[in-house]
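J.: Residues per chain, in single letters:
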Amino acid sequence: MNMIVRSAIVGALGLISASALASTAYISNEKGNTISVVDLDRLEVTQTIRVGARPRGITLNKDKTLLYICTSDAGHIEVLDLASLKVVRTLPSGPDPELFILSPNGRRLYVANEDNNMVTVLDVERGAIETQIPVGVEPEGMGLSPDGKWLVNTSETTSMAHFIDTDTLKVVGSVLVDNRPRFAEFTPDGKQVWVSAEVGGTVSVIDAQTRKIVHKIGFEIPGVRKEAIQPVGVRITADGKTAFVALGPANRVAVIDTATFKVERYLLVGQRVWQLDFTPDQKLLVSTNGASNDISVIDVEKRKVIKSITVGEMPWGVAIR
Amino acid sequence: MARVILSGRDFLYLPSLAGEGKGARIGLACLIFCAVTISPWHGAHAQTKAADWPCIQVLQPELSVGAMWSGPDPTAAAATWREVPAVMELVRRVAPRRVSVEEASGEVHRFLAAAPGDRNVIATQVFAGLFESLNAERSAIIRGIRRYGARQAVLTERIETARRDRDALDRDATDPKVRERRVELEAQMTWDTRIFEDRERLLPVICEQPVLVERRLFALSRALAEELN
Chain V
1323 MNMIVRSAIV
1333 GALGLISASA
1343 LASTAYISNE
1353 KGNTISVVDL
1363 DRLEVTQTIR
1373 VGARPRGITL
1383 NKDKTLLYIC
1393 TSDAGHIEVL
1403 DLASLKVVRT
1413 LPSGPDPELF
1423 ILSPNGRRLY
1433 VANEDNNMVT
1443 VLDVERGAIE
1453 TQIPVGVEPE
1463 GMGLSPDGKW
1473 LVNTSETTSM
1483 AHFIDTDTLK
1493 VVGSVLVDNR
1503 PRFAEFTPDG
1513 KQVWVSAEVG
1523 GTVSVIDAQT
1533 RKIVHKIGFE
1543 IPGVRKEAIQ
1553 PVGVRITADG
1563 KTAFVALGPA
1573 NRVAVIDTAT
1583 FKVERYLLVG
1593 QRVWQLDFTP
1603 DQKLLVSTNG
1613 ASNDISVIDV
1623 EKRKVIKSIT
1633 VGEMPWGVAI
1643 R
Chain D
13 MARVILSGRD
23 FLYLPSLAGE
33 GKGARIGLAC
43 LIFCAVTISP
53 WHGAHAQTKA
63 ADWPCIQVLQ
73 PELSVGAMWS
83 GPDPTAAAAT
93 WREVPAVMEL
103 VRRVAPRRVS
113 VEEASGEVHR
123 FLAAAPGDRN
133 VIATQVFAGL
143 FESLNAERSA
153 IIRGIRRYGA
163 RQAVLTERIE
173 TARRDRDALD
183 RDATDPKVRE
193 RRVELEAQMT
203 WDTRIFEDRE
213 RLLPVICEQP
223 VLVERRLFAL
233 SRALAEELN
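Quick mapping for you: the protein sequence lines, in order, are chains V and D. So for the first sequence, my numbering puts the first residue at 1323; every next one is plus one. So for the second sequence, my numbering puts the first residue at 13; every next one is plus one.
Note that these hints are calculated values from the structure, not bench results. These numbers were taken from a predicted model, which means no experiment stands behind them. Every clue listed holds true.
Using C-beta positions, here's what the derived DEER-type ranges look like:
no., chain 1, residue 1, chain 2, residue 2, range
1, D, T92, V, K1538, 32 to 42 Å
2, V, P1544, D, I153, 19 to 29 Å
3, V, K1538, D, L240, 31 to 41 Å
4, D, D184, V, V1459, 48 to 58 Å
Backbone N, C-alpha and C fix where the C-beta goes; we use that ideal spot for every residue, glycine too.
Model the full structure from these sequences, guided by the hints.
T.: This is the structure in structure tokens:
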């Protein structure tokens, strides 16, 4: 009897720890107007939720109970409650919200408005716009320093990375990068910002303090035409040692040693790979592959694609809890 | 939201693509080349449109081997895959679009599971065969789309010429020949406009074909890669 009770307890504990470890990925499907919920333990889609038109950028709130969704054509941000999987609130965003980032204290969302060349600063709790900051043409990428002090926005047409002081909410400097910058990512120590340029085909590494480009990373993949290499999403591991860059229609994710800036591997994922995110334990990285309607799950340590999972139509953004 | 971007001299707008109602007229201004973007899907975002390419999708004339395949180098296999009858037969069976991707992938898996010899070598040969066949098919479709676009451009010029000729006629003329000519030109414009609009309605489906071939090749390449040792 004791044995049975003991095994039952051990079994139950096992289940609890397994579920505590299991991560869930949320994927925005730009054309399907849905969010796919993916169990990263079972590696399968468990739910599909219909949301507003053209969901693109998505991010979790601070305690990871809500998902904020840029529903670009609906012209607002939808808030999905992750317990009920229902949209419980909408927030104003300015026109055509594409990508946004949450302040470390969870109180503000900085939203890139592609159509009106503004960054909208949103007070999440009040659901009110604090201010709008004029930036370059077609703003998109949004990176925030780990301390929340510096916001870097990229403008696609102007080809610039704009440094915004989040205390004064003013642009204090702009750095010219290569054509069509799409994404900005700070290193975990806050010393560098990595900015990808989709048409330029490069990643500019900018010193956050001097605002000078210290290195430019180029990509060469045997058997891939140069113009197909279009860097978009960038993620850097929490230890700051490895960067992953999604290369669009090259269908590859580059693995880069951040100390040497050398590309160590090009992982073949799915078609038109744009955005990336890590699981909280950093063991897995998920890429959204817009043209093959799937995501790829990458083992970070082994640098290997474990599985590709079909999601909705034109997957765009990814957030994992 | 659908956006229609017109470059300086371009002026016809496409009712079927721009999402306007049936009643929307081509109007009397006509397009030479019109860049229409509905969204940045297919990476349209990233590149400049080719002048004679009528689709919203970015024109990529050729596919890249490296964007489809990370297995063994297929350069040698590209020259030899036709010499292996079983590989050639498989490629002939699974390449055509009438066979669903699921069915074709299943056949690829079964073929490799039963294949004698080095599985990596055979998979690479099949990849080389599929790449060559589907890339050629895609290129042929692209040439066809360009011809289609060129015919539409000719038609728009014809409509524009007829409009100019009609406008040059005296609206109040009593000469029966002039009146007859006006009726004739208007009938021609109506007819040409109808043909133009009918063709434009088909354009999104036609433009999707190269994308479907590319997607098919990627899916089959992935099925092959799953069988690599």
